[in-house]
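Engineer: Here is what each chain is made of, one letter per residue.
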Amino acid sequence: MSLTAGEPVAVHAGQQVQRAEIEPRKSAPGEKQSPVTNGKSVSIARRSILAMVAGQIFLLAGMVLVAAVYADVPTAIYAGLAGLIVTLAADLFAVRAVRRALDPLRELAKRADEISSRNWNLRAPVGVRMVTEISPVVEALDAGLARLQAAFRHQRDFTSDAAHELKTSAAIIKSGLQLLLRRPRTQREYEIGLEELLEDCARLEDLLERMLRLARIEQLYENGVRPKSVSVDLKSTCEAALSHIRTLAEERNVTLDLETSDSISLLADSEDLELIWMNLLENAVNNGPPGSTVKMRVRLNGNALAQVAVLDSGPGIPPAEIPYIFERFRRGDGSTDRSTCGFGLGLAICKALVDAYGGKIEAMNLPEHGAEFRVDLPLQQF
Amino acid sequence: MRVLLVEDERRLADNIARSFRESAGYAVDIAVDGAQGLYLAESNNYDLVVLDLTLPKLDGHSLLVRFRHSGHATPVLILSARDEKQSVVRLLNAGADDYLPKPFDLGELLARAKALIRRGTGQRAPVISLADLEMDTVERTVRRGRQEIALAPMEYRVLEYLAHRPRAVVSKTELLEHLYDYNWEKFSNVIEVYISGLRRKIDDENSVKLIHTVRGHGYVLRPGVAAEEVRASR
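Residue numbers (my numbering), protein chains in the order written: chain A, 1 to 382; chain B, 1 to 234.
You may find that some hints are simply not true.
Unchecked claim - Counterexamples of contact, computed for chain A against chain B with all Cβ distances above 12 Å: (1) Phe93; (2) Ala140; (3) Asp161; (4) Ala170; (5) Ala171; (6) Leu177; (7) Leu212; (8) Arg226; (9) Lys235; (10) Gln380.
Said to hold, decoys possible - Here are the computed lysine-lysine pairs in the PhoX-like style, where the Cα-Cα straight-line distance is at most 25 Å: (11) A:Lys174 / B:Lys201; (12) A:Lys360 / A:Lys228; (13) A:Lys167 / B:Lys209; (14) A:Lys167 / B:Lys85; (15) A:Lys360 / A:Lys235; (16) B:Lys114 / A:Lys174.
Don't read these hints as lab results, they were simulated from the structure.
Since the model is a prediction, treat every value here as computed from it, not as a measurement.
C-beta atoms are modelled at their ideal positions from N, C-alpha and C, and glycine is treated no differently.
All chains should be built: construct the whole structure from the sequences, respecting the hints.
Structural biologist: Spelled out as structure tokens, the structure:
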């Protein structure tokens with residue numbers, strides 16, 4: 001299946017946005033207010049003009065005083081009045097000039113007001129972008145909007161992909177039932193038909209389970225809830241995952257092999273780790289040809305990381321697919337049989353979990369043939 | 001009639017293929033990805049292509065564009081779980097003949113498939129008549145004059161194919177290609193059996209013969225003219 005996902009690069013950026021930037025920033029109770037505003041609404045233009053006028057009044061007063069000392073008082077008064085008229089005229093000009101200088105800001109506000117889920121473009125005119133004081137604001141807004149748009153599109157793609165999968169499952173069950181009902185059948189035919197339908201229902205349940213699990217992991221992570229962490233023996237989580245996958249491996253005639261050297265323990269929830277390994281192993285077993293071996297390798301990577309790799313000797317990943325392989329509902333195009341590739345949620349679940357632990361997951365092709373999925377997890381609490 | 005079904009969801013493909021075979025007597029080939037679908041569609045003569053949109057290797061839309069670009073006029077019915085208006089318009093513009101959103105009704109799919117096959121051969125009415133022969137493609141019944149004729153399933157399928165192309169000479173190979181799935185070569189000498197069965201049931205008691213053999217070319221369904229005359233006129 002090939003998905004028409006929008007812009008995958010942007011999608012990754014989007015995932016990070018969803019956590020912090022979408023929520024409006026509220027000032028926390030203990031937070032200090034900016035000394036400039038003091039919590040009141042202010043106008044920078046008014047403040048600047050008031051400061052200017054105050055300066056002018058001091059200057060005029062000085063002039064009048066000097067004139068009163070060196071000439072006579074009436075001259076000083078006349079000079080003072082003349083000076084006052086000239087400065088007032090200049091101030092009028094200044095106020096108009098400041099007003100005009102602030103026009104781009106008003107324009108920007110108007111454009112910002114037009115932003116909605118249908119219009120993600122700030123469309124700030126060139127005249128606004130060229131103002132030295134405003135251009136950083138415009139740039140920051142543009143960048144923020146791009147991230148929000150990517151997050152929004154990511155969410156929309158997910159909804160549409162999920163709907164697609166659910167409708168397909170519904171189509172299978174509906175067509176199966178209608179097929180059974182189209183003509184009278186023997187007892188045996190009904191039994192076989194119903195058993196097949198039960199399998200179709202199990203598949204739908206599996207899909208729902210995976211979708212909900214992925215949503216839950218991502219939601220927890222976005223809300224900043226850290227995974228439960230106790231000291232876990234890495235090798236035993238791998239062994240648990242291997243024992244879960246053994247039946248599937250035997251069915252497909254694939255041998256499982258675990259290679260560990262050091263005893264490694266890290267802070268994590270053992271169920272989370274088992275889930276990651278199980279998904280990786282399931283993927284490898286489904287891709288490995290019958291008679292092949294799937295290898296799981298556990299080792300230390302430097303001082304700070306534990307590394308678990310799962311290697312198969314299947315056809316490998318088409319190079320063009322590698323950047324998108326952890327996206328939801330992605331299926332490797334190499335396999336033609338959908339039933340073996342699941343729903344394209346397993347690897348997305350792995351990525352969400354590894355992200356939640358502050359780790360890194362990578363997919364690569366092996367030099368001869370086959371693929372390797374490599375997970376690095378920090379040994380210490382992140 | 002022979003249908004190509006391009007659908008990567010194996011269970012759904014099986015259900016559709018079974019209902020085509022059981023309820024309409026169509027031969028069905030299944031392709032599980034777009035590349036295989038395009039290859040089969042271009043290398044065989046199908047009466048209808050049923051195409052899913054999200055496929056591995058080559059998506060349904062690209063398959064359709066390439067299929068139409070190389071000049072094929074076979075009717076194409078699209079199945080898809082994505083039913084945004086835009087994509088429906090895009091598909092129809094790319095040469096699709098009909099569209100059915102998932103989850104669909106199996107009965108509706110069959111009815112639409114029949115209608116598309118009919119229109120693909122220039123027949124509009126579901127009841128095809130030729131002289132006093134009437135063939136109801138919905139009820140799958142055949143009558144000559146007032147006499148209802150009971151046909152064996154394969155006889156019906158042969159007659160149905162000929163009736164969709166009245167007065168055209170249809171070769172044995174063409175019949176085989178359209179009545180069986182890709183294993184058709186195994187059945188190469190059964191057509192004569194069905195034709196003689198049809199002759200016996202339809203023509204024997206009538207002075208106006210409908211089924212004629214054009215030696216070296218094939219068979220034709222047309223009223224009145226004897227086989228020798230058909231050959232002479234060619």
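Engineer: Run every hint past the structure and note whether it holds.
Structural biologist: Results for each hint:
1. Phe93: Consistent with the label, Phe93 (chain A) stays out of reach of chain B, its closest Cβ about 56 Å off (over 12 Å).
2. Ala140: Nearest chain B Cβ is 33 Å from Ala140 (chain A), so the label holds.
3. Asp161: violated, 9 Å
4. Ala170: violated, 4 Å
5. Ala171: The claim is violated: Ala171 (chain A) sits with its nearest Cβ about 4 Å from chain B, within 12 Å.
6. Leu177: Leu177 (chain A) not clear of chain B: closest Cβ-Cβ about 9 Å, inside 12 Å.
7. Leu212: Holds: least Cβ distance 20 Å, greater than 12 Å.
8. Arg226: With a cut-off of 12 Å, Arg226 (chain A) remains clear of chain B, as the shortest Cβ separation is near 37 Å.
9. Lys235: Given that every Cβ of chain B is farther than 12 Å from that of Lys235 (chain A), nearest at about 37 Å, it holds.
10. Gln380: Answer for Gln380 (chain A): holds, closest chain B Cβ roughly 42 Å.
11. A:Lys174 / B:Lys201: violated, 39 Å
12. A:Lys360 / A:Lys228: Since the Cα atoms of Lys360 (chain A) and Lys228 (chain A) sit roughly 19 Å apart, the hinted pair holds (cutoff 25 Å).
13. A:Lys167 / B:Lys209: Not OK: Lys167 (chain A) and Lys209 (chain B) at ~51 Å, beyond 25 Å, violated.
14. A:Lys167 / B:Lys85: Answer holds: Lys167 (chain A) to Lys85 (chain B) is near 17 Å, not above 25 Å.
15. A:Lys360 / A:Lys235: holds, 19 Å
16. B:Lys114 / A:Lys174: holds, 21 Å
Of the hints listed earlier, those the structure fails to meet are numbers 3, 4, 5, 6, 11, 13, in rising order.
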